[in-house]
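Chemist: Residues per chain, in single letters:
2 protein chains.
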Amino acid sequence: MPYTYTHPHPAVTTDIVVFTVETQALKVLLIRRKGPPHEGQWALPGGFVRIDESVDACAVRELEEETGLKGIYLEQLYTFGDPDRDTRERVISVAYYALVPLQGLELRSGTDAADAAWWTVGGLPVLAFDHGRIVTMARARLTAKMEYSTVGLLFMPDSFTLSDLQGLYETVSGRPRDKRNFRKWILSLDVVEETGERKAEGAHRPAMLYRMKTPGNVKIIK
Amino acid sequence: MPYTYTHPHPAVTTDIVVFTVETQALKVLLIRRKGPPHEGQWALPGGFVRIDESVDACAVRELEEETGLKGIYLEQLYTFGDPDRDTRERVISVAYYALVPLQGLELRSGTDAADAAWWTVGGLPVLAFDHGRIVTMARARLTAKMEYSTVGLLFMPDSFTLSDLQGLYETVSGRPRDKRNFRKWILSLDVVEETGERKAEGAHRPAMLYRMKTPGNVKIIK
DNA sequence: CCGTGTTAGTGTCAACCATACACAAACAGG
DNA sequence: CCTGTTTGTGTATGGTTGACACTAACACGG
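Protein sequences, first through last, are from chains A and B. Taking our numbering, the leading residue of the first sequence gets 1, the next gets one more, and so forth. Taking our numbering, the leading residue of the second sequence gets 1, the next gets one more, and so forth.
Heads up, some of the hints might be wrong.
No more than 35 Å apart at the CA atoms, straight line, and that leaves these computed lysine-lysine pairs for DSBU-like [claimed, not checked]:
| # | chain 1 | residue 1 | chain 2 | residue 2 |
| --- | --- | --- | --- | --- |
| 1 | A | Lys184 | B | Lys145 |
| 2 | B | Lys199 | A | Lys184 |
| 3 | A | Lys145 | A | Lys199 |
| 4 | A | Lys213 | A | Lys34 |
| 5 | B | Lys199 | A | Lys222 |
| 6 | B | Lys179 | A | Lys145 |
| 7 | B | Lys179 | B | Lys199 |
| 8 | B | Lys219 | A | Lys179 |
| 9 | B | Lys222 | A | Lys213 |
Covered stretches of chain B (in silico footprint by chain A; criterion: 3 or more residues with CB under 8 Å from a CB of chain A, positions within the stretch not fixed) [said to hold, decoys possible]:
| # | region |
| --- | --- |
| 10 | 2-8 |
| 11 | 71-79 |
| 12 | 90-103 |
| 13 | 165-176 |
Worth flagging that the hints you see were computed from the coordinates, not collected in a lab. Since the structure is predicted, the reported quantities are computational estimates derived from the model, not experimental observations. Yeah, the Cβ is synthetic: ideal placement off N, Cα and C, and Gly gets one too.
Please model the entire structure based on the sequences and the hints provided.
Modeler: Following this line, the structure appears as structure tokens:
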């Protein structure tokens, strides 16, 4: 069933930069392309916007379809609209980025493990289309947002230690942080609270466990 | 000549929030719609993305076509993609915002004066489509950016006094500023320089004129 | 059971930055 | 030459940020 217009229309997709932090490294989810163009190359998860769904809803749906992840923090990043982004037809991509916590790492069971993988940013392969550019911009936005909001907490599992949290901030934003100053800072923001439990691991003093006061909520600082 | 696709495609437009500052007020350029839908209502300037031009280029072109303004600061704002934004067909809008200096206020000679006008933000009429939402977001972005960059300078004519500049900052970001502190601050940023000329107007001490060191350049602060 | 190694947890002081604040200088006009 | 008006300038204070070192709690091995 063909669809006909009096003027040419572009196709519109969403592409999603899914970030997580694992083993002291910021990682991005990539999918190996199964068809042309760029067959076999790594690309961002994403897909075409359906005619009756909002662009936001498309991003949510694609994220779930390709990764099985639901209820994840998702924010629009930027729209990429160069006419030759895609060789098949004119495609405009609305890019989003998502942050998933350490614990929700299970990828969609349906997908072959070889076709979806977490890559450390900084060691990325050449990506399909202009997806390299998209990742670069997403990374810049994320590091900027780490400085003036509490997005960093979204990478954390339900409960965590302040040392874990400090480690996360250091790996994502690069910058090392002083232990005492970091703790003063994060506690003064009034966004985490003690769970009352301790995490005993290894031959040393056990650490207090914390949780977000309002899970999923992002606070803008200053 | 019809254009046919195997899947339905949305139309894509750009809409532009053009800001200026005039007589102590932040203003937005609005155009009265000449055809349905929302005929006669006020709306943002903008139009459909052509199939062979980039989305950025479309914004530049529309800005020039509808206002005659060229070489203006223009930045992508956000993409609005709700399925029922437009009653005619599915339309996704990539919104931009632009800042024009006081001196370049001449609107396109072709346009009837009654059909294009500067409106003070805060006193806007009900706008067509979701353009009200777009303006709100643009305003938020602008005030935020005033705090951590030198975008404010883009509203200034080629030469200006520091008092003028302070007045501009006060009207755009609301917040009043201390005269001495403002001058210390702006001078420490190293973005303006004295022209050597003075502006004598009225029965009082003439003010030193300044200009941007690198016109059109926006510096990120801190 | 005691010593060792390892991470958790805590306060103070100095440097820097942001803010508040008042008066002389330069001009036009009467 | 007096008045009214806007320009232009420095200092002191309070708050914020950043540097810095030792004790607490535990597991393990001897």
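Chemist: Take the hints in turn and mark each one as holding or not.
Modeler: Status of the hints after comparison with the structure:
1. Pair hint Lys184 of chain A plus Lys145 of chain B holds up; C-alpha atoms about 28 Å apart against a cutoff of 35 Å.
2. The suggested pairing of Lys199 of chain B with Lys184 of chain A is violated, with an alpha-carbon distance near 51 Å, which exceeds 35 Å.
3. Proposed proximity of Lys145 of chain A and Lys199 of chain A is supported: the alpha carbons are some 29 Å apart, at most 35 Å.
4. With a C-alpha separation of about 42 Å, the suggested pair Lys213 of chain A and Lys34 of chain A falls outside the 35 Å cut-off, and the hint is violated.
5. Of the pairs offered as hints, the one joining Lys199 of chain B and Lys222 of chain A is violated, with about 38 Å between alpha carbons and a cut-off of 35 Å exceeded.
6. At most 35 Å may separate the alpha-carbon atoms for a hinted pair to count; Lys179 of chain B and Lys145 of chain A meet this at roughly 31 Å.
7. Annotation: proposed proximity of Lys179 of chain B to Lys199 of chain B holds, straight-line Cα distance about 18 Å (limit 35 Å).
8. A distance of roughly 32 Å separates the Cα atoms of Lys219 of chain B and Lys179 of chain A; the hinted pair therefore holds under the 35 Å criterion.
9. Proposed proximity of Lys222 of chain B and Lys213 of chain A is supported: the alpha carbons are some 30 Å apart, at most 35 Å.
10. With a cut-off of 8 Å between beta carbons, the region 2-8 of chain B has 7 residues touching chain A; three or more are needed, and the interface restraint holds.
11. Coverage of the region 71-79 of chain B by chain A holds. Counting CB-CB distances below 8 Å, 3 residues qualify, and the rule asks for three or more.
12. For the region 90-103 of chain B, the stated coverage by chain A holds: 3 residues have a C-beta nearer than 8 Å to a C-beta of that chain, and at least 3 were required.
13. Residues of the region 165-176 of chain B lying with their CB closer than 8 Å to a CB of chain A number 0, which falls below the three-residue condition for coverage.
When held up to the earlier numbered hints, the structure conflicts with 2, 4, 5, 13 and fits the remainder.
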